[in-house]
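Peer 1: Each chain is listed here by its residues.
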Amino acid sequence: MDTAATLSTSRARPLSAAPAARPGQPGASVTALVRPYGHPLGHLDLLESLAIFIIREVAAESERPVLLFSGGKDSAVLLHLAAKAFKPGSIPFPVLHVDTGHNFPEVLDYRDAQVEALGARLLVAKVQDSIDQGRVADPGPVASRNRLQTTTLLDAINENRFDAAFGGARRDEDKARAKERVLSFRDSFGQWDPKRQRPELWQLYQGSVRPGEHLRAFPLSDFTELDIWQYIRREKIELPSIYYAHTRSVIERDGMLLAVSEWVSPQGAEVIEEATVRYRTVGDATLTGAVRSEASTVEDIIHEVSASRISERGATRGDDRFSETAMEDRKREGYF
Amino acid sequence: MTKMPSSPPAGGPELGADTMDLLRFATIGSVDDGKSTLIGRLLFDTRQLFDDQVDAISTASERRGLGEVDLSFVTDGLRAEREQGITIDVAYRYAATPHRKFVIADCPGHVQYTRNMATGASTADLALVLVDVNAGLREQSRRHICIAALLGVDQLVVCANKMDLVDWDKSAYQGIVDEMGSLAHTLGLASCTVIPISALNGDNVVDRSDAAPWYDGPTVLDALESAQAGGWASQHGLRQGNGGRLPVQWVLRQPGGGRSYAGMVNGGPFRTGDPVIVLPQGQYTTIRAIETADGPLPRAEVGLSISLKLADEIDISRGDLISSLEEPPTVTDNFEATVCWFHERPLKAGDRLKIKHTTRVTPVVVESVEGTFDVNALELLEATELRENDIGVVRLRTASSLALDTYKVDRITGSFVLIDELTIATVAAGMVGRPSLRT
Chain A
917 MDTAATLSTS
927 RARPLSAAPA
937 ARPGQPGASV
947 TALVRPYGHP
957 LGHLDLLESL
967 AIFIIREVAA
977 ESERPVLLFS
987 GGKDSAVLLH
997 LAAKAFKPGS
1007 IPFPVLHVDT
1017 GHNFPEVLDY
1027 RDAQVEALGA
1037 RLLVAKVQDS
1047 IDQGRVADPG
1057 PVASRNRLQT
1067 TTLLDAINEN
1077 RFDAAFGGAR
1087 RDEDKARAKE
1097 RVLSFRDSFG
1107 QWDPKRQRPE
1117 LWQLYQGSVR
1127 PGEHLRAFPL
1137 SDFTELDIWQ
1147 YIRREKIELP
1157 SIYYAHTRSV
1167 IERDGMLLAV
1177 SEWVSPQGAE
1187 VIEEATVRYR
1197 TVGDATLTGA
1207 VRSEASTVED
1217 IIHEVSASRI
1227 SERGATRGDD
1237 RFSETAMEDR
1247 KREGYF
Chain B
54 MTKMPSSPPA
64 GGPELGADTM
74 DLLRFATIGS
84 VDDGKSTLIG
94 RLLFDTRQLF
104 DDQVDAISTA
114 SERRGLGEVD
124 LSFVTDGLRA
134 EREQGITIDV
144 AYRYAATPHR
154 KFVIADCPGH
164 VQYTRNMATG
174 ASTADLALVL
184 VDVNAGLREQ
194 SRRHICIAAL
204 LGVDQLVVCA
214 NKMDLVDWDK
224 SAYQGIVDEM
234 GSLAHTLGLA
244 SCTVIPISAL
254 NGDNVVDRSD
264 AAPWYDGPTV
274 LDALESAQAG
284 GWASQHGLRQ
294 GNGGRLPVQW
304 VLRQPGGGRS
314 YAGMVNGGPF
324 RTGDPVIVLP
334 QGQYTTIRAI
344 ETADGPLPRA
354 EVGLSISLKL
364 ADEIDISRGD
374 LISSLEEPPT
384 VTDNFEATVC
394 WFHERPLKAG
404 DRLKIKHTTR
414 VTPVVVESVE
424 GTFDVNALEL
434 LEATELREND
444 IGVVRLRTAS
454 SLALDTYKVD
464 RITGSFVLID
474 ELTIATVAAG
484 MVGRPSLRT
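Residue numbers (our numbering), protein chains in the order written: chain A, 917 to 1252; chain B, 54 to 492.
Check before you lean on any hint, since a few could be wrong.
Derived pair list, reagent style EDC-like, types lysine to aspartate or glutamate, alpha-carbon separation capped at 16 Å [to be verified]:
hint: 1; chain 1: A; residue 1: Lys1042; chain 2: A; residue 2: Asp1071
hint: 2; chain 1: A; residue 1: Lys1111; chain 2: B; residue 2: Glu136
hint: 3; chain 1: A; residue 1: Lys1152; chain 2: B; residue 2: Asp347
Simulated from the structure, these hints should not be mistaken for lab results.
Here the structure is a predicted model, which is why all the values come from computation and not from measurement.
Assemble the whole structure, with the sequences as input and the hints as a guide.
Peer 2: What follows is the structure, given as structure tokens:
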């Protein structure tokens, strides 16, 4: 373009659409803007389209891709997008669940129903098998198995010779994930090296790997928690019931509400309480906390998420509390 | 005791409508000019940070013996970054105001991480440039501004930072305005706004400062909210009024026979019944239907992932390109391009690599190195090789023909990456054509 450079210094006021209503202030209204260049796509359309583009690109360039599915909301959206990317055909790769054995029963039922409805092939890699085979030390029946998943996952990738694994991770979840590329390279030990990431320019997702290495592909990188819920609303995606408000026996531990189960029981002065709660994330049942909530519909949750002062993982994930760089450290080892 | 920054967080990320517009911007500038601190400040003052995130960065600051909360920790999330107080790789952050959604790419300033800066800038609508007024515009900042401009980022918001250290002296600010003015003109940028700020104290970032009564221009947030947003995918093809282009990603078999060709629409829209040409083969046909998972569409806009059913049975594979007949891309195996070279080993004539252009990967040979770009003089100097982080012009010859546009016309069909055959690393970002400068 050969237009003259305009240099606005002191005089020019910006042609702002509206006076300075600040986010978070009472009365700040939500308006949909007229999009530039008459662009007909809103942000959810663009997010969906880019995710489908990434899924097709990785499926085309890799030999043996797999989709990692936990039964959580992000992997539900990922599976939904994978189905859309190849419709009217079926998803051209299997779905892998890394099962810690510490599950919410609602989530397992949901997993089986979803996979069957889409006609996908489900593989389950069990942390219990890794323990039985002596691949990892048994931390005991009630301890978290979050970190042990890494070995189980990497073994499953090696055994099946997967060279690309789709994950539902989002960059707004954690400061280490905020640094990760959409296509994230893993060496033959499954390790992520944050200091040596591949340049990733435009939409040129370059996914070649050598034998033994693999890629993690994150098509939802640019979705925020709120985008996920708005997309779930728009696409009417079904989720496990534990995402919506329900009554549950919980105990409070380290500031988190943990569901009483065969692995979690009151210790010391802890007392069991019947509370109305829901889950913001779904992980290992021994350290995924519930939040007090009356939100029983997607609409309620969108309002709740918009007003929340605590981040999704901060509110609910014990696994991120071990240290300042807990996620980076796990990712370096090969975690999701 | 770790001191908290001045304005307390309140409220939360906004409840967004399903259809807001989206501005993607990248921070650029030299190391230590305050890019990460500015983004931390911007997110903090617009109440985009969660309470637990603020707690975590104040704890981290305290543990490093810093008297105040280090707002750069909002984006500098890696262990090595916090140790050294530098940014190594791009951090992506998301923010929303009532006006629009923002995707922020906070880029590193070090020369050795130029490839990461290019990664962040390649998808940006706007560059937020940080300049330390004490140091002036450093060579590294000029390099990054040049790279951003070559990548097609033609809106700059320049923050003359650390104004508190020069007692808000207007002449220091004016110096940056003058220098940026001539650079912006030569690079042919569409807009360039210079704002005097202190990222550390938050002056003129979100809240207007009393410290510079002589300045009545926009704050950083004002400038970001009023900038031209695009959804970068829509930018070039559409602005230039090109016809549609669909690089084929995947062939979908239809039940009952027949195929459709999946990809993302680039350039102008496709409509059912449009005549199209399949490249590089050069076969003509028409669009029988435009399919999506949600059903057929009469018209597919730029940026949409769709599949096309065509009227004739033609052999079409991944890597081919379906184009409307209005000014279709050029089919060639020999072309000139501007490249940013990222590898320690210099790029020379005769080098063999692979090229990924749209959805096609093919071997490529460097026919000649035409010159290297001097970021200070803003001109192309004669050269026989490109060294790491150099920007230069080369002539390439590809094994199979490519359907390409110049980068100025279309960011998708005019861009490519070069891949090292041995290490399979991405070693260069390339743009078809020469850089256009006004001298």
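Peer 1: For a C-alpha distance cap of 16 Å, please report whether Lys1111 of chain A and Glu136 of chain B respect it.
Peer 2: Holds, at about 14 Å.
Peer 1: Is Lys1042 of chain A close enough to Asp1071 of chain A, meaning Cα to Cα at most 16 Å?
Peer 2: 10 Å, holds
Peer 1: Under the criterion that the straight-line Cα-Cα distance not exceed 16 Å, is the pair Lys1152 of chain A, Asp347 of chain B satisfied?
Peer 2: 13 Å, holds
This entry satisfies every hint, going by the numbered hints stated previously.
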